[in-house]
Every structure is written in C-alpha cells, then in structure tokens.
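S.K.: Make a model of the complete structure from these sequences and hints.
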Amino acid sequence: MSTDTNPTTSPATDPATAKGTPGTGAGERVRKGMRPDRQEPTLPTLGTVGMLRWGWRQLTSMRTALFLLLLLSIAAVPGSIFPQRNIDAGRVADYIAQNPTSSPWLDKLGFFDVYASPWFSAIYLLLFVSLVGCIVPRTKVHLSALRSTPPRAPARLQRLDEHAEVTTTLAPDEALAAARAVLKRKRFRLHSHDATSVSAESGYLRETGNLLFHLALTGIIIGMAVGHLLGWRGDIILAEGDKFASSAGTYNTISPGPWVDTETLPPFVLSLDKLHVEFNETPGRSFGTPRLFDAQTTLQSSPGAPASSENVSVNHPITVDGADIFLLGNGYTPVITVRDAKGAVLYREATPFLPQDGNYRSVGVIKVPSASPKQLGFTGFFLPTAEPTFTNGPVSIFPDTNNPEVALSVWEGNLFPGGAPQSVYTLNTDEMKQVTKADGSPTLIRLKPGQTYQLPGDRGSITFDSVKRFAGLSVRTDPGAPISLVSAILATLGLILGLTIKRRRVFVRVRPAGSGAAAGGSTPDGGLDSPAGADGRPATVVTIGGLSKDSDPGLAAIVTAIAAGVPDRLAERTDRS
Amino acid sequence: MNLAANANAALYASMIVYTLAMLAFTWHLAARAPTVADSLATAGAVANEREGVLVGAGAPAPSERRSATPYAAGPGFEESIKSRQRGSIALMLTYLASALLVASVLMRGLAVGRPPWGNMFEFATAAAAAVGAAYSVLAKRNNWQWLGVFIVTPILLVLGLALTVLYTEAGELMPALKSYWLGIHVSVAFLAVAFFTLAFAIGLLYLVRLRREEKPPAKPSFIESLPSSASLERTAYSLNMVAFILWTFTLIAGAIWAKQAWGAYWQWDPKEVWTFVIWTVYAAYMHGRATAGVDHRKSTYIALAGYVAVIINFTLVNLVSTFVGMHNYSGM
Ligand code: HEM
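These protein sequence lines map, in sequence, to chains W and B.
For the first sequence, the working numbering gives the first residue as 1, with consecutive numbering after it.
For the second sequence, the working numbering gives the first residue as 1001, with consecutive numbering after it.
Please keep in mind that the hints were generated in silico from the structure rather than gathered at the bench.
All values derive from a computational prediction rather than experimental measurement.
Cβ coordinates follow ideal geometry from the N, Cα and C atoms, glycine included.
Any given hint might turn out to be false.
[Said to hold, decoys possible] Far from chain B, some chain W residues (derived; all Cβ distances over 10 Å):
| hint | residue |
| --- | --- |
| 1 | 65 |
| 2 | 143 |
| 3 | 147 |
| 4 | 257 |
| 5 | 308 |
| 6 | 346 |
| 7 | 422 |
| 8 | 439 |
[Stated by the list, open to error] Chain W stretches covered by chain B per the calculated footprint, using a threshold of three residues with CB under 8 Å from any CB of chain B:
| hint | region |
| --- | --- |
| 9 | 200-208 |
| 10 | 475-487 |
M.R.: Next up, the structure:
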C-alpha cells in the first residue's frame, strides 16, 4: 500500500528515476527479454492467516482501488445503453419483445437492472470495503505523523529537488534564527535536531483533507443506504377536481423501503383544483414543447386540519410532514359515460389515459363490469389534437386540446379472468371478443366531446362528455439525503485540501564561512563559535534544501524566500543602527 | 437588430477571428521547428564538449547526463523573435475571438432572459466559449502559444457543428430546466470541461513528446520546442486536478437539482450515469498518478479515456435515442 507519508521515498520526486532518460526503458526491455533462465519467484508459505492478511493487503492497496474504480466506471455504462426497469419498465418490456433472442440472456445477466445486479453490487461493495480498509490504517498513520517532529536533515541538502546556498554576514545562530523566522511565517512546523540545522515540515492538511475526502465518500454511501432502508415513494394520478387522502392503500403505486412502516405515512389530504399547462405554439423546431406545468392544489396536513392553497410545479415541490410532493407528469382524463340499452348509467368516470409521446397521444382502458349480458371493455387512444384523416392511424399533432378525440375499440366477455388483479391501464382480452358491426368488421368508435355512439346490438351507448387534465404526483421521503449531502460537501472540501495543499519538507543548515566543509558535506561541530561577521565580512554559509511529494512549483519560491530572508535581516539591522 | 441577431453576428465574427488565430498559430509553430534544429545543433555541440570534460572528471550525475541529450531540453530552447511575434499575434486574435464568443453567449442569454444553455446548440457554443476563455486567461502567463492550434481548431469544429447541425432558435426553456440550478450546475460543468479539454490536449502532446524523447526522431519538429515531457505531464495533471474538483461540484449540484426537479437525487438516468463514469475514471487517474509503480504514461491514458467519456456525455448521451432518460433537453 503506497500510503507512505514520507515524501523522500516517492519515486515521482526522485530525479534519478525520473522518466525521459533515453535508453533506460529500452535497456530494461532488452535485459528482460534476454534473461533465459527466468525463475518463478519462490513464495514463502503463508498459512491461512497469512493468506487472509495477504488478501486483505491486496484488497486495500491503491492499485486495487484504481482497478475497482475503472471497473466500476465500465460496469456503469450498460445501464445507460439498455433500458432499465428502475427508470422505465415499459421500455424494458418493449425491448424484450423486439429482441427475443438476446434479451433473455441480457435479462439473466442483469442488464435491465444494472444498478441492482450482483456484479455491479459486488464491485461497489468491494470498493467500499477497500475504502474502509484503507482509511483506518491511514488515519492511524496520519495521527501519529501529526504528533511527530520533522526528521533530521539529510547529509547532502544539494541532492534535494530544490536547494540553494547563500553566504551571509550573520552569525550562524542568527542566520539559523532568520531562516526559522521565514519558515514560521510560512506555517512550517520546526524542529532542530542539532544546533546547526533546522528541519521543517508543512502541509499536514493535505493528508487530513485526503482522509476527510475518503471518509466522506463512505458517508455518502451510508446516506444512500439509509435512504434505501427508511425512504419511501408513492405515486398518484389525480384528475382536476379530485381529492386524495394519503395512506398506504390509496396510492396508485407505493414502494416503501424495507424498514418503513406503511401504517405511519403522513395522512395529508390533497385536492387538485387546476392544472395550468402551456405549450409552445410558435411553429419551428420547438413547436409543441412544454412551457409550463403548474398544479394549483389545496392541502390539509390531515383530514379536518385547516386547508391551505399550494402550488406544485416542476422544480418546486411542496413539503408536508417530511414528505415532498413533486409534480412529475401530466396528461388527460376523458370523462366517459357508458349507458345500457335502457339509458341507465353504468359507468361515468374521468379515466386517465397515459401519454405516449410528446404530442400526448395517450392510451387508456375503460372497464364496465356491470354491463350485461357480458362485461364490456373499451381500449384505445385519446388524442388532444387529433390528426383528422387518421391516414396513419390515430395520431395527435399537438399536445394541447385543440381538437380532442377518443378512438376506441370495444370488447366483450370476461374482464377479469380468474379474478386476478390487473393494471387499470391494460385490457386483458384472454377471455374477451372484439365487438363487430353487422358486416363483421371490428367496431371502431371515434368521439369528440359531447358525442355519443350507439353500440351495435342492444349493448347500449358510450358518450365522451368532456376532458380534464390529470397531474402525476409523486410523494417521497428520503431520510438519508441530508447525510449524503453533508458528506458530499465535506468530500469536496477534503478534495480541495488534499489536492491543492502540498506536503513539503525544508531543511536549513548553517556552517561558518571558510570552515572548509565541502559542498553538502557534514558540518564540523563546534564551528559555531567562530566570530560573527559584525564587521560586514561574510561569516556564515547557509544551505537550504526542499522536498515535495509531487510537482510543486511553490517549493522553489520557499527556498528562495529563505535564502533572501537571511541577508534581509542584515539590511534591517543596518537600517536600525 | 435584436439581441438574438447580434448574438449570431458575434458568433460568426468570432469564428472568422478564430480561423485567423488558427492560421497564425500554425504559422507560429512553423517558425518554432527550424529554430529548434538550430538550437539543438548548438546545444548538441556544447553537450559533447561538456561530456568530454565530465568523462575526464569522472562519472556524471544522472541529471547532468539527461540535460546533455538532445531533444530533452525544452527549457533550453531559445525562441526566435519571429516565432515569438507570430505567437503574440495569434494570442491577440484568440483573445478577440474568445471575447466575441463570450459576448455572443451573453447576448443570447439576455435575449432569452435565462442562462444561455437550454439546448444542444447553446450548449455547444457555451462550452466552446468556456474553453476559449480558459485558454485565453491562462495562455500568456504559461507561454502556451504552442498549445493554441490544438485548442482553437476544436473550438472551430464545435462551433461549425453547432451552427450547421444543432442550430435552434432562441426560445424559452422547458419547465424542467427552469431553475437557478441550471445556471450553477451547468456553468461549472462547462468550466470543468474547459479544463479537461486543455489537459487533454496537453496530455496528448505529452505522449508524443515522451515518445520522441525516448526515441529521438531523425528530424526535430516543433514538438522538440515544447517543455519537457515531465513538465507537460505535470501541467496536464494540475489542469485535470482543477477540472476534477469542478466536476465533483457539478456532480453534487446536479444531484441537488435532480432532487428538486425529479424527487430523487440519484436514479441512474443516462446523463447521471455518464457524469458518474467521468468522475470515476478521473478518480482512477488521480489514484494512478499517486500510486507508486503506475507510471505517468499509464495514468495519462486513463485521463484520455476520461476525456472520451466527457465527449460521449456531451454528444451521444444528449442526441442518441438509446440514451433516452430524463435529460432530454437537446431541442433536437
Ligand atoms: C470509493 C473509491 C475511491 C475514490 C472515488 C477515490 C478517489 C480519490 C481521489 C480523487 C484522490 C485524489 C485526491 C487527493 O489526493 O486528495 C485520491 C487519493 C488517494 N486515495 Fe483514493 N479513492 C477511493 C478509494 C481509495 C481506496 C480504497 C484507497 C486505499 C487504498 C485510496 C487511497 C488513496 C490515497 C493513498 C490517496 C492519496 C494520494 C496522494 O497522496 O496524492 N483511495 N482518491
């Protein structure tokens, strides 16, 4: 694991191993190729514990993290190519119908539920484990690094990435004090291991930031898990003028998390007074694109509670009892009346038809179980602006109700074969027959608002009374979201600290001028007592060396600042005297 | 003339000026190459001389030996006055063109009374403007005249495509986009893309430069006048780092907005998937960069793959129907 906090061992900063030395790479390749008697390295026997340790170390290594990150990114891609059940189950069904050979396999391998598939989960769980396994030891190492002192200055400061040597008139201890002052100002942590040198280190916040970042990533994941376990969502289709009382049974669909008690959903009551919708009517490319959706509602936090008027629109949810109510869809509910042969009303309802395209060509079903002698079912389209000729079948050419029409076919028989529950938007025709006209052709009904169609035989009539809009509302809670949000913000902060702060070490060593020490050689002890250069003659040689963990243009500036800081003191002193 | 028409006029004007800048940058590179040949000839001679001395004096330190090899010496390259002048002209033209492009985007924004990135056409122009602006701000300070062609040419391509294929009349926004998050989330995304783009161009040049350092070509070209491969790689890393931070912010801002607009901050819609893919690939790059034993060439490959994902995210994911999700605002 390359979590080494010691900058000196990072090969990236070691000039001797820097790439770009011509010949080195090629030479190595040749050598490898020529070695005829390459032996398998003999591994020491590890034993079970050893193997586990070894596996753990592999899993928590940075290379593994790198590999898993790449794998995760590749694994995420199929979910954007194949339709996903969690986004649009209908498209998945279409896809499967269109690709009968490949889709069973794809389905088995989880390509339609990528983000819940075992392989995707395996990757992110491994990454999560690796992450935790990485953070814990690194935190320990970092905590002790925070308490440690900067190491002793290496013998040859000239070898470091950045170095400088200046001669000053200050006495050695004064020069060292001046250097310390500069380093202090630059927020270095200082320590002198001996009287002639100072070691300085800064940038502990880099590792702190890095750890914060990785820790916060786990926070995001925890937030997501909490949301999954304790969150729930329910969807409702609500026609204008209708009222909805929230409880587990009243939602069209409800998906509670595993730990949610559906008896404790907030009991609010919501009625849709009006849905304002606007579409672009100027001809051109964006003709017919939506411009405004705004649901005007009346909300009570519980039955009998005071009512307030609220607007729900896209991007502007309302909140009640910790649940957010979103406007996510809309469409039309034709109000349709079915009468029997004597004129008695068998069915009168605003029936939602679900939009299929941008022009709201919508499909829906009317089920009339009380019809006799056989149950009746109608299935077909609602077209807000019907293309009048129907040459290409029932098509809508604009999303608003400029020329509304319903086009239905009629079926009779048993609506609910076997009594099994079924969707209100599909007609199960297993035990039904299409109603035909006298000449045997299927009955096709086209109605504009106010029109009535007499069904063939003595089956009664169907009337298209009017059309109302419906709002598709979604009620959601996600108690994990705040955890994820706070973690995400902390992660960004940590990332900025971890990437922009540089971990640096700077060493300064002084020796009396003319003490004869070779450049970079060790300083003879006791040289400090030589007379200070009060008379203006050079007295001290100051050697400065700096190291950084990575590319660090700022390091040179620091070394220069220290070099400049030493004579500066002299200038100041002369000024004062 | 109304604002939208002015915006279009400025767009055309910027394309003309960018074309001139592109030519000037090419002209500048042409002036660099022969100079390299000259300075290398002299550098080579000096190096030989020094080598002789050093061999006599004992084994040379590795770093000294490195600077003595021809072609490796980016910093030692003396730019001729001619090439410097051409570089300045090209930069001036780029400043002008970028200013025109940014003005065009701003005017379009004023014309429609919202952030000017509501459809693919606006998206492409705004992204190009971000790249142009980022380059213009950084070029002079870093002596990036050599990078100009590699930035200006793609900008021109994108603008050309935007006008011919993606053009959409200035119009109102779809309801889902009517949120101040559009301004925040998308503008930061553009800025990130601008930095990714600069880093990508430099990353490619790094690979070429590195290759030629390892196997010196018979005839030097402008490549040999660039900073050393190590220095190019560091620059690309720094730019990628800034871009990665911005992209992290984009991701988070997008999630917050998604929560507001769609009720869930993350639901693996194709645009979200690709934003995430980009993020993980660049996170892998950051790791590779920091892992001892993974060389910088390999990490650079990862970064280049990340950029491919950026391009896919801004093109295919917006336009191709296989990627249909909730982000269908291309206006196409
Ligand atoms: C969830 C997966 C992970 C992501 C998204 C991720 C992301 C990142 C990023 C973006 C950086 C660069 C930022 C910085 O230096 O502060 C980084 C650095 C680092 N990561 Fe991770 N990481 C992940 C998992 C891990 C794991 C499992 C390990 C343990 C082996 C690890 C160890 C490190 C180390 C040691 C650095 C510091 C490199 C340096 O000193 O510059 N990361 N990570």
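S.K.: Among the hints numbered above, which are violated by the structure, and what are their numbers in rising order?
M.R.: Of the numbered hints given earlier, those the structure breaks are 1 and 9, listed in rising order.
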